[in-house]
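Turn these sequences into a full structure, and let the hints steer you where they fit.
Going line by line, the protein sequences match chains A and B. Just so we're aligned, residue 1 is where the first sequence starts under full-length UniProt numbering, counting upward by one. Just so we're aligned, residue 1 is where the second sequence starts under full-length UniProt numbering, counting upward by one.
No lab work stands behind these hints: they were computed from the structure. A virtual CB, placed ideally from N, CA and C, is assigned to each residue, including glycine. Hints are supplied without guarantee of correctness; some may be wrong.
Simulated crosslink set (BS3-like; lysine-lysine; CA at most 30 Å straight-line) [to be verified]:
#	chain 1	residue 1	chain 2	residue 2
1	A	LYS436	A	LYS424
2	A	LYS304	A	LYS292
3	A	LYS101	B	LYS61
4	B	LYS61	A	LYS542
5	B	LYS61	A	LYS371
6	A	LYS466	B	LYS61
7	B	LYS58	A	LYS542
On the chain A side, residues computed to face chain B include the following (Cβ under 7 Å) [as the list claims (entries may be wrong)]:
#	residue
8	THR188
9	SER190
10	VAL193
Residues from chain B shown here face chain A by an in silico Cβ test under 7 Å; the list is partial [unchecked claim]:
#	residue
11	ILE4
12	TRP9
13	GLN13
14	ALA16
15	VAL27
16	PHE33
17	VAL65
18	GLU66
19	LEU105
20	ALA106
21	CYS113
22	GLY115
Now for the letters of each chain:
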Amino acid sequence: MGNFAANEGLSIFVILVWLGINAFLFVHFYMAFLVDRYYYTRVILGHALSWARAPAACLNFNCMLILLPVCRNLLSFLRGSIQCCSRTAARQLDRNLTFHKLVAYMIALHTAIHIIAHLFNFERFMDSQLMINNSHLPYVLSQIGKNDNRSYLNPIRTNETSQTIVMFTTIAGLTGVVITLALILIITSSMEVIRRSYFEVFWFTHHLFIVFFIGLVAHGIGRIVRGQTVESIIVHDPKKCHSKFETWGQSGTDCPKPDFAGNPPMTWKWVVGPMFLYVCERLVRFYRSQQKVVITKVVMHPSKTLELQMKKKGFKMEVGQYVFMQCPSISQLEWHPFTLTSAPEEDHLSVHIRIVGDWTQALYTACGGDKTVVLDAWTLPKLAVDGPFGTASEDVFRYEVVMLVGAGIGVTPFASVLKSVWYKHVQENKNVFTKKIYFYWLCPETQAFEWFADLLQSLERQMTEKDMRDFLSYNIYLTRWKDAEAAHFRVQYEAENDPITGLKQKTRYGKPNWDNEFSAIATQHPGSKVGVFLCGPTALAKALGKQCISHTESGTEFIFNKENF
Amino acid sequence: MGKIEWAMWANEQALAAGLIYATGGIVGVAGQFRGWQFAAFGIAAGVFVCLLEYPRSKRGKGTSVERTGQYCFTVCVNAFGPLTRNYYVRAFLHAALCVPGGFMLATVLGCVCLGIASLIYLSAAIHGEHWEPILPRTEPPKRVGDSIKEPPQNPPPRPPPELRRKKADKLETAAYDNPMSVTVNE
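Quick look at the structure:
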């Protein structure tokens, strides 16, 4: 349990507060419809009225929240401002997508409760129109307002219709159907299988949220939830008059006919703020994407990795940030995220892109990947870059001791970190807070080493020159090998430089023993906070997360940070 | 990312539609609404659609992810041969099943969702997709060594222990632990 509070405490607190607000709104609005104003409404509907209104309030709250975690630029800005005060709070903003999904599930749940309650409501409204008998209070109530169509209680105005027809001819009913359909389509196309395999379907269908929000705001315009007006309550007390319904309005009684009116729509008050913020967010993204980006260098690396070096005026970044890139000549609508592999101290920005799908393959061809002649600069495709957006790696230099773990292509944010380390020390920057970096790279094939190995080699050289060999301790693990390669390694085991990387530090084979690694680091740096940064698969994240929580020897605290794409 | 296999999305949509259809039907029957017979049909149709759609199809390209416990459903669905493999049949079936739902408010949502799923399946069928069962590969199970004397299948590439004995003064630079302890005067 050692580091559990440090790693998870704030998340659990946020979730509990959010659930608490949901519960409070539910109960509060449930009770709000048990007052006298809705006495006659409840005569027809019973408690189904409250069961429909309570989730409606929760829906207002959650629909307000759902847009906020996906305002990337706003979150980056907040992250930058909070970082000076609290590292923990800044880390919390990394979990924005998880929160977005939780809120989405809550919206789905409340929608279900709301719809089921309204099914009962519609049925009971219809029933009370159909029981044509003046000695039934529900029927008498349903006849009120027949003449002026203003002061009525029952939104189903005649008995010659059906609920289905009424649903499709009232604003509330029609918008309700439309937004529920939009919600269902959004949810089914957001399932992990679809999202991971066909991102475009997920992304385009998700834009149905525009339909969702328009319908949501319009949902209450018809004022279909009706209660007694304030003026009517003064002269007609439901508790005293409900049994005398056969003589309402007749001279001599003190019970005039009650008047009803609908509640004004409330949803817009909840969602207008976040909708405005989101519109600003999209405008910022659009503006940034219009800025000119020039490709200055294209490098093809083995194992299907493409490196692009670009220049963009006024572009500033921190270590480990990522950008979204778009190539209009390939696709007008697709934006894809890539980690920046350049350091803030360099004059260009670079990304290393693995060629895995249609878009990356097209980019490779457009940049002349399959041609052997040198291309002129003006023939290279135009690109748009949005960002940079901050992720966990920004925090690397805020820890005294740091563990960086990258699996395969996940090493890219750390390329940026290591380059920045080199530049900082070259510039004799003694204010660097970080004293020691442990770097682990898990890789399934040797060819992927090439571009990164060059970086490590130059770092190794620089550190030896500056007598700083203790600063960076790196371990490269080869997790898969062929028999033919194995024979070569066996022969070369005594060579001074590693046969694969050419580095002095030997490559290890298999997977690291994390227990040993964590224990060794904990004993070496007692009492300090160690930042653990991972960019890799979920299984590894789980393993490392567990290690962070369980290793507390010598008072060392391991704080776990994971990149999420 | 590859071209879209519409059937995968149709499958998710149909499964959700089946659940919604069945839930609407349960509400209609439990609340004894007018037209509860349509609701009862909704329950039956919804459950049937869920059972039919639960087993995921094998993907044309890429790895298929099974749903938990779908194997017995796969076997049942596979037993119907071309009736379940062909997506035109499924599209038509879903369209037919959804129609009675439109007659009662509680099942209208299930009706529309199932109708949309039917349209996506139609699109899948036009693109030439069909349902393939995910069956476990029948390869002989890896024999676990009877004793630990059997060598591991893919050991790290190291020379045999006798050659690996690092001299005592070179212990710090070794990338691995000594298989046997060494002393300085070796």
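Evaluated hints:
no., hint, in the structure
1, LYS436/A <-> LYS424/A, "14 Å, holds"
2, LYS304/A <-> LYS292/A, "27 Å, holds"
3, LYS101/A <-> LYS61/B, "28 Å, holds"
4, LYS61/B <-> LYS542/A, "28 Å, holds"
5, LYS61/B <-> LYS371/A, "28 Å, holds"
6, LYS466/A <-> LYS61/B, "52 Å, violated"
7, LYS58/B <-> LYS542/A, "28 Å, holds"
8, THR188, "4 Å, holds"
9, SER190, "9 Å, violated"
10, VAL193, "6 Å, holds"
11, ILE4, "5 Å, holds"
12, TRP9, "6 Å, holds"
13, GLN13, "5 Å, holds"
14, ALA16, "5 Å, holds"
15, VAL27, "5 Å, holds"
16, PHE33, "5 Å, holds"
17, VAL65, "6 Å, holds"
18, GLU66, "10 Å, violated"
19, LEU105, "4 Å, holds"
20, ALA106, "5 Å, holds"
21, CYS113, "6 Å, holds"
22, GLY115, "10 Å, violated"
In this structure, the earlier hints numbered 6, 9, 18 and 22 are contradicted, and the remaining ones agree with it.
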